[in-house]
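Colleague: Listed below, chain by chain, are the residues.
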Amino acid sequence: MDEALIRRAQGGDATSFAELLDLHYDTIYRFAWKWCGHAANAEDIAQLASMKLATSLTQFRFQAAFTSWLYRLVISCAQDWQRSQQRHDHDELPDEEPMTESSRPEDGIYLAQVLAQLAKLGEGMKETALLVHAEGMSHAEAGAILGVSESTISWRVHTIRKHMGQPQARASLAYE
Amino acid sequence: MNEKSFEAKLARVSAPAPDPEARLRAKRAALEEFARVHAANQAAEKASEAVSKGLWDALRLFRDDSSHGSTSMAWFVRRNLFAGVASACVVGLGIAMVWPIFSRYGEEPVFATVQATIEADIGPPQESVALSEPPPRALSAPPARLDERAELAASRASGEVQLRKEAEKAARSERVQTNIEPKDGYASAAPQQEGAEEIVVTGVRAKLQASMDMKRQSTAVVDAIMAEDIGALPDANVAQSLQRIPGTTISSNNALALPAPESELASEAGDKFQHFEVNPLRRVADEPVSTFSVDVDTASYSFARRMLNEGRLPQKDAVRVEEMVNYFDYAWPAARSAEVPFEPTVVVSESPWGKGKRLVHIGVKGYEIQRNEAPDANLVLLLDVSGSMDSPDKLPLAVSSMELLLGSLKPTDTVAIVVYAGAAGTVLEPTPVREKEKILGALRNLTPGGSTAGAEGIERAYQLAAANFRKGGVNRILLATDGDFNVGIDDTEQLKGYIERQREKGIFLSVLGFGQGNYRDELAQALAQNGNGVAVYIDTLNEARKVLVQEATSSLFTIAQDVKLQVEFNPATVAEYRLVGYETRALRREDFNNDAIDAGDVGSGHTVTAIYEITPVGSQARLVDEARYSQNRRAASRGSRDEYGFLKIRYKLPGESKSRLLERPIPLASSSTRPELMREVTFSTSVAGFGQLLRGGKFTGPLSYEDVIRQAQSATGEDRFGYRAEFVQLVRKAQAVQRK
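So the protein sequences, as listed, match chains A and B.
Read in order, the letters of the first sequence correspond to residues 0 to 175 in numbering that gives the first Met the number 0.
Read in order, the letters of the second sequence correspond to residues 0 to 739 in numbering that gives the first Met the number 0.
No lab work stands behind these hints: they were computed from the structure.
Misleading hints may appear alongside valid ones.
[What the hints assert, rightly or not] Facing chain B, a subset of chain A residues (Cβ under 8 Å, in silico):
id: 1; residue: Gly11
id: 2; residue: Ala13
id: 3; residue: Phe16
id: 4; residue: Asp25
id: 5; residue: Tyr28
id: 6; residue: Trp32
id: 7; residue: Lys33
id: 8; residue: Ala38
id: 9; residue: Met50
id: 10; residue: Leu110
id: 11; residue: His132
id: 12; residue: Met163
[What the hints assert, rightly or not] In silico DMTMM-like cross-links for lysine to aspartate or glutamate, where the CA-CA straight-line distance does not exceed 20 Å:
id: 13; chain 1: B; residue 1: Lys26; chain 2: A; residue 2: Asp25
id: 14; chain 1: A; residue 1: Lys51; chain 2: B; residue 2: Glu31
id: 15; chain 1: B; residue 1: Lys647; chain 2: B; residue 2: Asp594
[Claimed, not checked] Label-pair restraints from in silico Cβ distances:
id: 16; chain 1: B; residue 1: Arg738; chain 2: A; residue 2: Ala64; range: 16 to 22 Å
id: 17; chain 1: A; residue 1: Ala64; chain 2: B; residue 2: Thr430; range: 52 to 58 Å
id: 18; chain 1: B; residue 1: Gln462; chain 2: A; residue 2: Gly135; range: 36 to 42 Å
id: 19; chain 1: A; residue 1: Gly135; chain 2: B; residue 2: Ala337; range: 45 to 51 Å
id: 20; chain 1: A; residue 1: Ala64; chain 2: B; residue 2: Val339; range: 48 to 54 Å
id: 21; chain 1: A; residue 1: Ala17; chain 2: B; residue 2: Pro701; range: 32 to 38 Å
id: 22; chain 1: A; residue 1: Ser148; chain 2: B; residue 2: Asp718; range: 49 to 55 Å
id: 23; chain 1: A; residue 1: Thr14; chain 2: B; residue 2: Pro674; range: 52 to 58 Å
id: 24; chain 1: B; residue 1: Glu503; chain 2: A; residue 2: Ala63; range: 47 to 53 Å
id: 25; chain 1: B; residue 1: Glu503; chain 2: A; residue 2: Gly146; range: 48 to 54 Å
id: 26; chain 1: A; residue 1: Gly135; chain 2: B; residue 2: Gly496; range: 27 to 33 Å
Each residue gets a CB set at the ideal place from its N, CA and C atoms; glycine is no exception.
Work out the full structure: start from the sequences and follow the hints.
Modeller: Right, here's the structure in full:
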């Protein structure tokens, strides 16, 4: 069902593409939100990803699951976005505190702490943690999305676990 | 603990729903892009560049590097304005929530605060917005401090006419949204009443700010949770939210049993299941003998039910078909005495999963111990009281479940309580059930959380059980947990070994699983198997009633141990066979006669059902081709032509170490086709079909959820407790989820 839709969209049918995007925008946005912990930034990333989807949908070859492919696309958009932020927007960041309209206030705060820590661990760590823990994927699936082997993911998960066990990584409640 | 809490918390983080405004914007931009790309494919490449510039290009947040818009535009279009405006005009919420705080010393502070609290308590914040449409006058007078940011953003925008329009549109559509479900943010635009200036900070931001201000302004030590937080936190009621403030204790003396609300916040991401492949089709010529251990666990069904009730399909590895089938009680003929505790029933029927195939049902109903002849019970409840149990579907449900259990015990039975992971130690020495109040008091005083003290939990539990050992009675530890097995022995293998050694001494262990997000099904199964117990998953109080009251005797009193089944198929009549489920219970052929090999135990009145799908010789449905060179060997088989195979069951009576053997031939046609029996066969077939569909339906042919529903509905029978009706509902839910 999804496949037929994708094929029509690849063929240039705008209605099918709109339908496809409707189906997946939530996934894109939610993952983007988890990636940056900030609603407005997530909207930016989601918009970037939607546009990228439009341009590169024809490159999807049905070799992997569409959602895996989509995750890869969102991650690459998020990374591009971050790079562009670092390049242009140094003067604009003071109000960057991760206040979110999250359904639970402590989520945003906790997430921001974790994301900052994960970013320090090195490249790919944040993506790995999000895919494996927040999205509940298997190591193999995460590996396929990030383009690394399953054992690399396992190693990363292990490293993350080792580092995140430290006390400052633990969430404090939102009212402190 | 730490790693666990990190992973579990990450898994539980739930992203907010996307803003429909942003969604629409993204969609337009993407469609624009889509049109551009496909136009480019068709027309000459140069021309397409020009075509692409449209209205929506101007509103797009990000441009291609090739197009250089005004940088100041880009700056404005960015965060401040959009974040402010897009989330703005949740005016009712803003005023209703913020006003009481700033008029704290004003005229009606108490009333206003109470109102806000009640609103938050009634439903999610968004609903309260819809309920309390604000008076227009209030719009223009938001408290000064809070709208500073918004005004700043608005003043930045004031120069840009187009942006301003955009902001107004956004504001308008936002307003529309509070009244009706918006199909399109730009549809049905209301007449413009206010400009872009009245921008109101959203509820959460205001709440955090307000509670911070309250703390700042106060002269005494104060901590505060604002109304909206109370609504948003995963607590069942206001009292529980207040408990989140450090130092606050709320006690309840006559706690009512809380029902387990479905927690939508948790996710299955942290739940661990053992991975296994579905049993393959086997050729009788290659492998005529199939051996497995019985499995009376039902955790898989309750877990799947919970997932489906939340509108999700369970993970494939969470679905163990045999546990789903065995969840239901079937009216197989019961055994007559405790000496021969089984009377196996074999029924052959047509398979609904493939033309030309047949099903062989092997049904066993264990001997039912009567209440008055039940042996004395010496139970030790080992409860996890770590912080992670702090959820209505965990510790409170566990406590309510234990209360139910007390009702099904004899007055002379004893119960002791040991806790671990929070405050470790003995909470209640072995106490006879007739002192019910004392036991209930101890149970109700349990609170989750606290520091992780010495985790000697499990050893303490076994010590208590041993000190109070009832010879000839039931000595059992009931471990209630949400997946945290930090019971004092860290190494899993060591823990299994410990439980196994205790089993030799006659003290058994059962595992009751609660909650989700962190549930470690795999380990729960392993421990229960090593401890000669059952692993059950309790998602609701109703399930607790089923497991601990109705089936109390079967969960507690074992009538046969190490029950193994072996079926040898007759190559003269059966070409291929496949065992449905029992993947995690497979045994080697030689294990069957080896009494040292552990297998599943059957409790009083338990029913165990195993289903084989067979392809008779000569059927068109064969999947594997005849091997060319082994023809002769097959022809030489001596099997009788009126049997499909031969069933053997080995079991030990409780306390015995030597196994006994039961044997039955599997006839071509069932000797008894009583309608009640056939009804049970139909129902178990429908459950097995459902389980296989959830696992991907590799061998179920054209079977659909519709077929499952039809089969199940035709076979609900008496269904005294409504379990079978519930099953039909569950299939419908799976069908709906899959369609989505």
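Colleague: Does the beta carbon distance between Arg738/B and Ala64/A stay inside 16 to 22 Å, or does it fall outside?
Modeller: holds, 19 Å
Colleague: Is the interface hint for Phe16/A satisfied, with its Cβ closer than 8 Å to some Cβ of chain B?
Modeller: Phe16/A check passes; min Cβ-Cβ to chain B is 5 Å, inside 8 Å.
Colleague: Using 8 Å as the Cβ threshold, decide whether Gly11/A counts as touching chain B.
Modeller: holds, 4 Å
Colleague: For the range 48 to 54 Å, tell me whether the beta carbons of Glu503/B and Gly146/A fit it or not.
Modeller: Given range 48 to 54 Å: holds, Cβ gap about 51 Å.
Colleague: Mind checking the CB of Ala13/A against every CB in chain B and telling me if the closest is under 8 Å?
Modeller: Holds. Min distance 6 Å.
Colleague: Does the beta carbon distance between Glu503/B and Ala63/A stay inside 47 to 53 Å, or does it fall outside?
Modeller: holds, 50 Å
Colleague: So if I understand the rule, the pair passes when the alpha-carbon distance is 20 Å or less; does Lys26/B with Asp25/A pass?
Modeller: holds, 12 Å
Colleague: Does the CB of Asp25/A sit less than 8 Å away from some CB of chain B?
Modeller: Holds, because the Cβ-Cβ distance from Asp25/A to chain B comes to roughly 6 Å (cut-off 8 Å).
Colleague: Take a look at whether the Cβ-Cβ distance between Ala17/A and Pro701/B falls inside 32 to 38 Å.
Modeller: holds, 34 Å
Colleague: Below or equal to 20 Å on CA atoms is what counts here, so check Lys647/B against Asp594/B.
Modeller: holds, 14 Å
Colleague: Tell me if Met163/A is really an interface residue toward chain B, meaning its C-beta lies closer than 8 Å to one of theirs.
Modeller: Interface hint status for Met163/A: holds (4 Å vs cutoff 8 Å).
Colleague: With 48 to 54 Å as the target window, see if Ala64/A and Val339/B comply at their CB atoms.
Modeller: Check passed, 53 Å falls within 48 to 54 Å.
When held up to the earlier numbered hints, the structure conflicts with none and fits them all.
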